[in-house]
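Q: The primary structure of each chain is shown beneath.
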Amino acid sequence: FVRFSPEADAHWEEEKREMNLTSDIENDFYFRYPSFQDVHVMIFVGFGFLMTFLKRYGFGAVGFNFLLAAFGIQWALLMQGWFHSFKSGKILVGVENLINADFCVGSVCIAFGAILGKTSPIQLLVMTLFQVTLFAVNEYILLNLLHVKDAGGSMTIHTFGAYFGLTVTRILYRPNLEQSKDKQGSVYHSDLFAMIGTLYLWMYWPSFNSAISEHGDAQHRAAINTYCSLAACVLTTVAFSSMLQKKGKLDMVHIQNATLAGGVAVGTSAEMMLTPYGSLIVGFICGIVSTVGYVYLTPFLESRLHIQDTCGIHNLHAMPGLIGGIVGAITAAAATEDVYGKEGFIKAFDFTGTYQTRTPSVQGGFQAAGIVVSLLMAFAGGALVG
Amino acid sequence: FVRFSPEADAHWEEEKREMNLTSDIENDFYFRYPSFQDVHVMIFVGFGFLMTFLKRYGFGAVGFNFLLAAFGIQWALLMQGWFHSFKSGKILVGVENLINADFCVGSVCIAFGAILGKTSPIQLLVMTLFQVTLFAVNEYILLNLLHVKDAGGSMTIHTFGAYFGLTVTRILYRPNLEQSKDKQGSVYHSDLFAMIGTLYLWMYWPSFNSAISEHGDAQHRAAINTYCSLAACVLTTVAFSSMLQKKGKLDMVHIQNATLAGGVAVGTSAEMMLTPYGSLIVGFICGIVSTVGYVYLTPFLESRLHIQDTCGIHNLHAMPGLIGGIVGAITAAAATEDVYGKEGFIKAFDFTGTYQTRTPSVQGGFQAAGIVVSLLMAFAGGALVG
Amino acid sequence: FVRFSPEADAHWEEEKREMNLTSDIENDFYFRYPSFQDVHVMIFVGFGFLMTFLKRYGFGAVGFNFLLAAFGIQWALLMQGWFHSFKSGKILVGVENLINADFCVGSVCIAFGAILGKTSPIQLLVMTLFQVTLFAVNEYILLNLLHVKDAGGSMTIHTFGAYFGLTVTRILYRPNLEQSKDKQGSVYHSDLFAMIGTLYLWMYWPSFNSAISEHGDAQHRAAINTYCSLAACVLTTVAFSSMLQKKGKLDMVHIQNATLAGGVAVGTSAEMMLTPYGSLIVGFICGIVSTVGYVYLTPFLESRLHIQDTCGIHNLHAMPGLIGGIVGAITAAAATEDVYGKEGFIKAFDFTGTYQTRTPSVQGGFQAAGIVVSLLMAFAGGALVG
Numbered sequence: 001f002v003r004f005s006p007e008a009d010a011h012w013e014e015e016k017r018e019m020n021l022t023s024d025i026e027n028d029f030y031f032r033y034p035s036f037q038d039v040h041v042m043i044f045v046g047f048g049f050l051m052t053f054l055k056r057y058g059f060g061a062v063g064f065n066f067l068l069a070a071f072g073i074q075w076a077l078l079m080q081g082w083f084h085s086f087k088s089g090k091i092l093v094g095v096e097n098l099i100n101a102d103f104c105v106g107s108v109c110i111a112f113g114a115i116l117g118k119t120s121p122i123q124l125l126v127m128t129l130f131q132v133t134l135f136a137v138n139e140y141i142l143l144n145l146l147h148v149k150d151a152g153g154s155m156t157i158h159t160f161g162a163y164f165g166l167t168v169t170r171i172l173y174r175p176n177l178e179q180s181k182d183k184q185g186s187v188y189h190s191d192l193f194a195m196i197g198t199l200y201l202w203m204y205w206p207s208f209n210s211a212i213s214e215h216g217d218a219q220h221r222a223a224i225n226t227y228c229s230l231a232a233c234v235l236t237t238v239a240f241s242s243m244l245q246k247k248g249k250l251d252m253v254h255i256q257n258a259t260l261a262g263g264v265a266v267g268t269s270a271e272m273m274l275t276p277y278g279s280l281i282v283g284f285i286c287g288i289v290s291t292v293g294y295v296y297l298t299p300f301l302e303s304r305l306h307i308q309d310t311c312g313i314h315n316l317h318a319m320p321g322l323i324g325g326i327v328g329a330i331t332a333a334a335a336t337e338d339v340y341g342k343e344g345f346i347k348a349f350d351f352t353g354t355y356q357t358r359t360p361s362v363q364g365g366f367q368a369a370g371i372v373v374s375l376l377m378a379f380a381g382g383a384l385v386g
Numbered sequence: 001f002v003r004f005s006p007e008a009d010a011h012w013e014e015e016k017r018e019m020n021l022t023s024d025i026e027n028d029f030y031f032r033y034p035s036f037q038d039v040h041v042m043i044f045v046g047f048g049f050l051m052t053f054l055k056r057y058g059f060g061a062v063g064f065n066f067l068l069a070a071f072g073i074q075w076a077l078l079m080q081g082w083f084h085s086f087k088s089g090k091i092l093v094g095v096e097n098l099i100n101a102d103f104c105v106g107s108v109c110i111a112f113g114a115i116l117g118k119t120s121p122i123q124l125l126v127m128t129l130f131q132v133t134l135f136a137v138n139e140y141i142l143l144n145l146l147h148v149k150d151a152g153g154s155m156t157i158h159t160f161g162a163y164f165g166l167t168v169t170r171i172l173y174r175p176n177l178e179q180s181k182d183k184q185g186s187v188y189h190s191d192l193f194a195m196i197g198t199l200y201l202w203m204y205w206p207s208f209n210s211a212i213s214e215h216g217d218a219q220h221r222a223a224i225n226t227y228c229s230l231a232a233c234v235l236t237t238v239a240f241s242s243m244l245q246k247k248g249k250l251d252m253v254h255i256q257n258a259t260l261a262g263g264v265a266v267g268t269s270a271e272m273m274l275t276p277y278g279s280l281i282v283g284f285i286c287g288i289v290s291t292v293g294y295v296y297l298t299p300f301l302e303s304r305l306h307i308q309d310t311c312g313i314h315n316l317h318a319m320p321g322l323i324g325g326i327v328g329a330i331t332a333a334a335a336t337e338d339v340y341g342k343e344g345f346i347k348a349f350d351f352t353g354t355y356q357t358r359t360p361s362v363q364g365g366f367q368a369a370g371i372v373v374s375l376l377m378a379f380a381g382g383a384l385v386g
Numbered sequence: 001f002v003r004f005s006p007e008a009d010a011h012w013e014e015e016k017r018e019m020n021l022t023s024d025i026e027n028d029f030y031f032r033y034p035s036f037q038d039v040h041v042m043i044f045v046g047f048g049f050l051m052t053f054l055k056r057y058g059f060g061a062v063g064f065n066f067l068l069a070a071f072g073i074q075w076a077l078l079m080q081g082w083f084h085s086f087k088s089g090k091i092l093v094g095v096e097n098l099i100n101a102d103f104c105v106g107s108v109c110i111a112f113g114a115i116l117g118k119t120s121p122i123q124l125l126v127m128t129l130f131q132v133t134l135f136a137v138n139e140y141i142l143l144n145l146l147h148v149k150d151a152g153g154s155m156t157i158h159t160f161g162a163y164f165g166l167t168v169t170r171i172l173y174r175p176n177l178e179q180s181k182d183k184q185g186s187v188y189h190s191d192l193f194a195m196i197g198t199l200y201l202w203m204y205w206p207s208f209n210s211a212i213s214e215h216g217d218a219q220h221r222a223a224i225n226t227y228c229s230l231a232a233c234v235l236t237t238v239a240f241s242s243m244l245q246k247k248g249k250l251d252m253v254h255i256q257n258a259t260l261a262g263g264v265a266v267g268t269s270a271e272m273m274l275t276p277y278g279s280l281i282v283g284f285i286c287g288i289v290s291t292v293g294y295v296y297l298t299p300f301l302e303s304r305l306h307i308q309d310t311c312g313i314h315n316l317h318a319m320p321g322l323i324g325g326i327v328g329a330i331t332a333a334a335a336t337e338d339v340y341g342k343e344g345f346i347k348a349f350d351f352t353g354t355y356q357t358r359t360p361s362v363q364g365g366f367q368a369a370g371i372v373v374s375l376l377m378a379f380a381g382g383a384l385v386g
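Quick note, the sequences are listed as chains A, B and C, same order.
Just so we're aligned, residue 1 is where the first sequence starts under UniProt numbering, counting upward by one.
Just so we're aligned, residue 1 is where the second sequence starts under UniProt numbering, counting upward by one.
Just so we're aligned, residue 1 is where the third sequence starts under UniProt numbering, counting upward by one.
To be clear, the hints were calculated from the coordinates, so they are not data collected in a lab.
Incorrect hints may appear among the rest.
Said to hold, decoys possible - Not close to chain A: a few residues of chain C, all C-beta gaps over 10 Å, as computed:
no., residue
1, N20
2, H84
3, S88
4, Q123
5, L143
6, N144
7, L145
8, I196
9, H215
10, M243
11, V295
12, A334
13, F345
14, T359
15, V372
Stated by the list, open to error - Okay, the calculated bits of chain B under chain A, using three or more residues with CB under 8 Å as the criterion:
no., segment
16, 190-204
17, 228-241
18, 250-261
19, 268-280
20, 333-341
21, 344-354
To be verified - Derived lysine-lysine pairs resembling DSSO-like cross-links, with alpha carbons at most 27 Å apart:
no., chain 1, residue 1, chain 2, residue 2
22, B, K90, C, K342
23, A, K347, A, K87
24, B, K16, B, K87
25, C, K87, C, K16
26, A, K16, B, K16
27, B, K16, B, K90
28, C, K16, A, K342
29, C, K118, A, K246
30, B, K16, B, K246
31, C, K342, B, K87
32, B, K87, B, K347
Note that beta-carbon positions come from the ideal geometry of N, C-alpha and C, so glycine has one too.
Just chain A, same shape as in the assembly (with noise of 0.2 Å):
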């Protein structure tokens, strides 16, 4: 099924002269790669590593996550491939379709988080494969059916991932898991090797939110917001992680997650103009809200609701996701052609075509619709799945 994009066939010469372009340099190759092997480190190196934080499963979560990553690349690129990029019986794969591979590769990652320990191999496979395709299906009706707009995947990758994994998790609920509870711990060495997981989602994260946005000043913006947020989210949660603790020590778990929760906070909203200013208070709030999980939330789900939570992505995926989907419909729905300029109006939100005439309030409730779907599709696969 699959043939090259006509920026990566032999074709291209032709191709450029048609399109009237008088460089190479205007491939896409060029936009994106960079930003491409970036979100290729925080899937496999950055996912893989934040999971070694356990004493005696570090191997084990960093070789899943790599096998089950590059299962999911392979399936990803031909689900998407049908829904995004199908021309004439063919699929035309280019560096975009690789991003957005990693990016619903990196959902499954997120739901691995959840049943850390829990499941075989086999079982991931499973799990992954079902997945992607739901992931995919998820994927088109918002992004094509709904028109909503979702580069840092706040809705598609992380609300979608995270409540799809608590979802599983619970279903497989097994209450003897406490009794291996020591496993459950941390030592020294495996909190260094998980700090290199973190620094690495952490530091690409940027290029994460701005990797398929438009070409130019989108991805530029994308970069600065994530920047702007994920800075404001480590003071926050170093301040309350302090707080919360009895005689202010530092807990790792939380600067190894919490961190993160400004990154997925922006995922939706990166791309618009939320300006630094309202990047550092999407950041600030998300700091709280996921070290305050992580202290009250997470013995809760796990006490009351039987919801296994072993890396704790309900604090750092779920809520920061449903965050950033809520602060997306917002900043969508405040646009105004007065901050945009009349032709990046246009562009921003792509109000071409049969959606010519869509307005900022009615793209913000079409935003908030998407937060719904994703949520819906979460529970309803993560129950079947599971």
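Go by the hints and put chains B and C onto chain A.
A: Coordinates of chains B and C only, in the frame set by chain A:
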């Protein structure tokens, strides 16, 4: 001897006017620098940490790899410069030279994998000195005299480097090495460090194979083909590793090494119209060959042929490199103007000047000759240096 | 206060038309983002892990480095913004500001290296607050008032940061620190973690020195010069480390640190026509100076001058930074129109407007003045903050 290439020289403004370029972004720096950095990481972190799996040799592996690579790139800049970018008495250095120097050193790192733990730093430097020189000669014969395509270096880097290293280790055979076998084992944390090496090699391999391809579609295509081949290789490695072990347990050595064979094996053909489908097949086969090699061939080589291959480079570089050369020869021989387009065909194989009349099947023959030359150079050179 | 720069703003389409740009690729994002990400990795992973060599302080080093850097970049965006990109009441932020903020924080990370293990997180944040402010003032004096060239920050980042940190640690002198000497040792795995830091700093240093150079040839040249200097530095470090130790054993501290001195020392001159040959000489000298410093100078500083320099930043940043400043002054003073070309000469030193008549030798004098100003600011600021 060394000066800046026109694109790195302060006369660039005049050069730009002469070449009729309108923008600084046309500078080769922007086409190649992101790939260069990825290749750089592969050489120093990738190869360095891949070899940390030995219990008591982690620091030595990383440190000596650092030393020989830093020495090798300087010597390679000179040697390759004399052969490839020597103009009016000066070697002109640009970003492409830096990538080529890293490539050359890559073949030394591969050879180092075979003799790891057997040699002193001084011996390593001597080996580097000779291997870099021979590499440059071999590369000159292949690329300039035979007019062979080998952008990802299946032949020049992997086949040459691996058989060179294997010949050296054969000559340095030490029967009593068996006795210190306990040091050759691995421990938990050293395996996690080795996974850092594996993952960086795996993730950045698309940059490796596309780094010195032609601007535009060829770089784009090389990245996609490599990505697909590597993903397929991970799955077959895991499947066969699990099948060949007792109780279906995964062997960490396979995960750390055989998963990379897919990148080696598309080194020559990645920039051609191999298509994602073809890449998946190549990766699929290489995962099997490499894993089976670790299980059956490495013990055989050591006990019968007295080749002590510490890191198993025969399975990771030698065999996949040969496969890569053969796949390249076949892909080149099968090329048609229909698939490549008239202009794309000429551009892909550089059928200009004296090579204007060369046909695909002749090109395929020369590609095959390139494999033979690389093997001969490796055996002769390895025997001499050993 | 903060708004997007025109290249990150949604008005970019109009901006593009006004500037007569035909393509989105002309957006500064594509010139600088790959370098930015490399610099980002250096600050958070490079400096963070470089300091993990202490036996019981690995997590603290990475964690506190993360905290102070995340805080520092926010404050630096504001402080540098007021001095450098303040237009009609607003700070305009683009990707270059993000790089500059990372640079500024780099000097804080350097100073942190001197006081590692002596201060509380709150004290670190206070130091960051003041140091970032002083950095911005010093940078303004050098770049804007003295019109000095310092793209890689030998003076503004390394000399200033290192002597600032050394002054602070002198004032915080604690004689009883000797007693806990056992904690200051290193263990096997912590040395491997430190090598992660070393290698990322080493590999990405060409990006560091070229990140904010002029588009085109200057960025290209800065990367090549730094690459050569670093490679030479590794060899002399290893050679001298081996010569100065008993039995020729290598000292891990030297490998981890002195190998980087070559990057520091071409910080000012990398974008000039230093030539690869000149870079090799600078790297050669710095490897010697830095290694000798670790062996003889650090013990002397501690016992006589009561300067407890935990990470040895005097050898890695202070002395090579001074050398870098001097090399920059000499290279600038020796510049001729013959070597640079007429246009290249003006572009390289920005001899336009009020600086139209400045000669190379005068520029060399101002460069030297920049070193003195940086030193004075560092001593005064360090004494105050300490």
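Q: If a hint holds in the structure, say so; if it doesn't, say that too.
A: Evaluated hints:
1. N20: Non-interface label stands for C/N20: nearest chain A Cβ at 15 Å, farther than 10 Å.
2. H84: Label holds. Min Cβ-Cβ 16 Å, cutoff 10 Å.
3. S88: 16 Å, holds
4. Q123: 14 Å, holds
5. L143: 22 Å, holds
6. N144: 23 Å, holds
7. L145: 28 Å, holds
8. I196: Contrary to the label, C/I196 does not stay out of reach of chain A, its closest Cβ about 7 Å off (not over 10 Å).
9. H215: Holds, since 13 Å exceeds 10 Å.
10. M243: For C/M243, whose nearest Cβ neighbour in chain A is about 33 Å away, the distance exceeds 10 Å, so it holds.
11. V295: 29 Å, holds
12. A334: 35 Å, holds
13. F345: 27 Å, holds
14. T359: With a cut-off of 10 Å, C/T359 remains clear of chain A, as the shortest Cβ separation is near 37 Å.
15. V372: About 33 Å separates C/V372 from the closest Cβ of chain A, which puts it past 10 Å; holds.
16. 190-204: holds (count 9)
17. 228-241: holds (count 7)
18. 250-261: holds (count 4)
19. 268-280: holds (count 5)
20. 333-341: holds (count 3)
21. 344-354: holds (count 4)
22. B/K90 / C/K342: Holds, at roughly 22 Å.
23. A/K347 / A/K87: 24 Å, holds
24. B/K16 / B/K87: 19 Å, holds
25. C/K87 / C/K16: 19 Å, holds
26. A/K16 / B/K16: 21 Å, holds
27. B/K16 / B/K90: Holds, at about 21 Å.
28. C/K16 / A/K342: 14 Å, holds
29. C/K118 / A/K246: Distance of about 22 Å is within 27 Å: holds.
30. B/K16 / B/K246: Violated - the C-alpha atoms of B/K246 and B/K16 are around 64 Å apart, more than 27 Å.
31. C/K342 / B/K87: Since the Cα atoms of C/K342 and B/K87 sit roughly 23 Å apart, the hinted pair holds (cutoff 27 Å).
32. B/K87 / B/K347: Distance of about 24 Å is within 27 Å: holds.
When the structure is compared with the earlier hints, violations turn up for hints 8 and 30 and for no others.
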